Amino acid sequence: MPDARQQIEEQAAEWMLRLHEGELSEAQRLAFDCWKQQGPHYAAAAARMEAVISRMQALRGKKSPARAALNAAFANQQSRRSKSAVRTLLLACSLAVPAAALLLSPYPQRWMADVRNGPGQWQTLRLADGSALSLNGISAANLHFDATQRRIELLQGEILVEVAHDQARPFIVQTAQGSMRALGTRFVVKREGDSTVLSMLESRVAAHSADARQSLEVAAGSQALISTDSVRLTGSIDPAGINEAWRRHQLVVENRPLPEVLDEIARHRSGRLQFDRAALQSLRVSAVIPLDDSDHALQLLAQTLPITVQTYTPWLVIVNPSNTANK
Amino acid sequence: MSVGEPPFQREITQLYSEHHGWLLTWLRRKLGCRQNAADLAQDTFARILNTRESVATIREPRAYLSTTARRLIIDQARRKQIEQAYLQELALTMDALEGFQSPEQINTTLEALEQIAFILEGMHEYSRQAFVLYYLEELTQQQIARQLKLSERTVRKYLIQALVHCGHSMDT
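Protein chains in written order, with full-length UniProt numbering: chain A, 1 to 327; chain B, 1 to 172.
It is worth saying that the hints were derived from the structure and are not from the lab.
A portion of the hints provided could be inaccurate.
Claimed, not checked - Capping the alpha-carbon separation at 25 Å, the derived lysine-lysine pairs in PhoX-like fashion look like this:
id, chain 1, residue 1, chain 2, residue 2
1, B, K149, A, K63
2, B, K157, A, K36
3, B, K80, A, K63
In this text, all values refer to a predicted model and were calculated from it rather than measured experimentally.
Isolated chain A (complex conformation) (with noise of 0.2 Å):
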């Protein structure tokens, strides 16, 4: 249905620019009306986008005012945008449960963002060396490329990335604890409170903290922790799981503390997940979690765990301990 639509729709705009084209001929003329004819929206689509030009070719008297304020609506998108959302978040400010959930959102730091991915999606972007880059959930980053660098900024979440060759301009991700420098390979690096994890899905990669005084090779299936002035291993991990886990969506955890794991799902919710981390920092999860239906996976955690789940409007969740929900 909706690519029937999308058809009819390119169908009108080709109609539209031949009649603005030129005279149609009297067989033309009659296959318009008959395109018009085979349904309600045909025609509908057809009269929408005259609507439209009809209201441009109206502004035509004043053309050169016009189009400075049309250029005006038009100049700097980015900044605007981004002044808009604070100005909605100060707005905020002055409510209850439902918009202090919005307010806490990591919305703003990603409106700012080169690449920004939501909660709930997964993105692959195929950049301009033929590397490509993935985001999972609230992430965001910046990219920096030009003729002597391939440079990606993490400013949030995780991305996997697949570096194309380029003997010439290595390729480096960064984040506020360290940088990742490649030639050509697989991994994803992930921001976690004030550490990046870096996980090797191929080749290697030399890791450096951001004071520049560490630095280490790591080879595909380890993984790494880096903070502003360290950087060591942390064990291994599975890089086909890790392929797996990203292509369907999924969060995979062993022996994990709880709160990490909730950290994870708020990353892919659109509300705010509340819960109070030393409370559940005891509790260990090892499960394959669908991270792309939070909810389910919620419930999943709820059925398996001491811990009751409670939804007060779409935008919270609160999850508690079930022996003291009640206190």
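Given the coordinates of chain A, assemble chain B onto it according to the supplied hints.
Just chain B now, with coordinates in the frame of chain A:
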């Protein structure tokens, strides 16, 4: 644990659950971008929360939501930009225009420009430029191709895209 939900909150929650999906679909078609659509849908509900007006009495919730979203897209700052640029250029070109523009005429034009800006929002940059050059400035596709340094075929493709986008924008 019981939550004493005030009526307003209940109304909002109801509005949200009944129409959020529709608003998101409409914005997605309009903006051609899931991300911005999701952000804007949230903003729209945030805006309604902030007004604290009762929403239970709204007779056409979808029209109300789309109008609120529209005001967020073309916000006050942007309206001001449109107005300033228009008036400035109008002052410069006054002589070339036929006759004097009354304040009413100016207001009508500004309103039309705001609506057009809303319709063009979310359009690909080249599509928007080609569309304005073609239907407002009356350039030929060939002239537009030269100005935007694109092939004529590409210009035509962008115009088609622009028209499809316009169709979506008008579709409430």
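Evaluation of the provided hints:
no. : hint           : result
1   : K149/B / K63/A : 22 Å, holds
2   : K157/B / K36/A : 22 Å, holds
3   : K80/B / K63/A  : 19 Å, holds
Every hint from the earlier list agrees with this structure, and none is contradicted.
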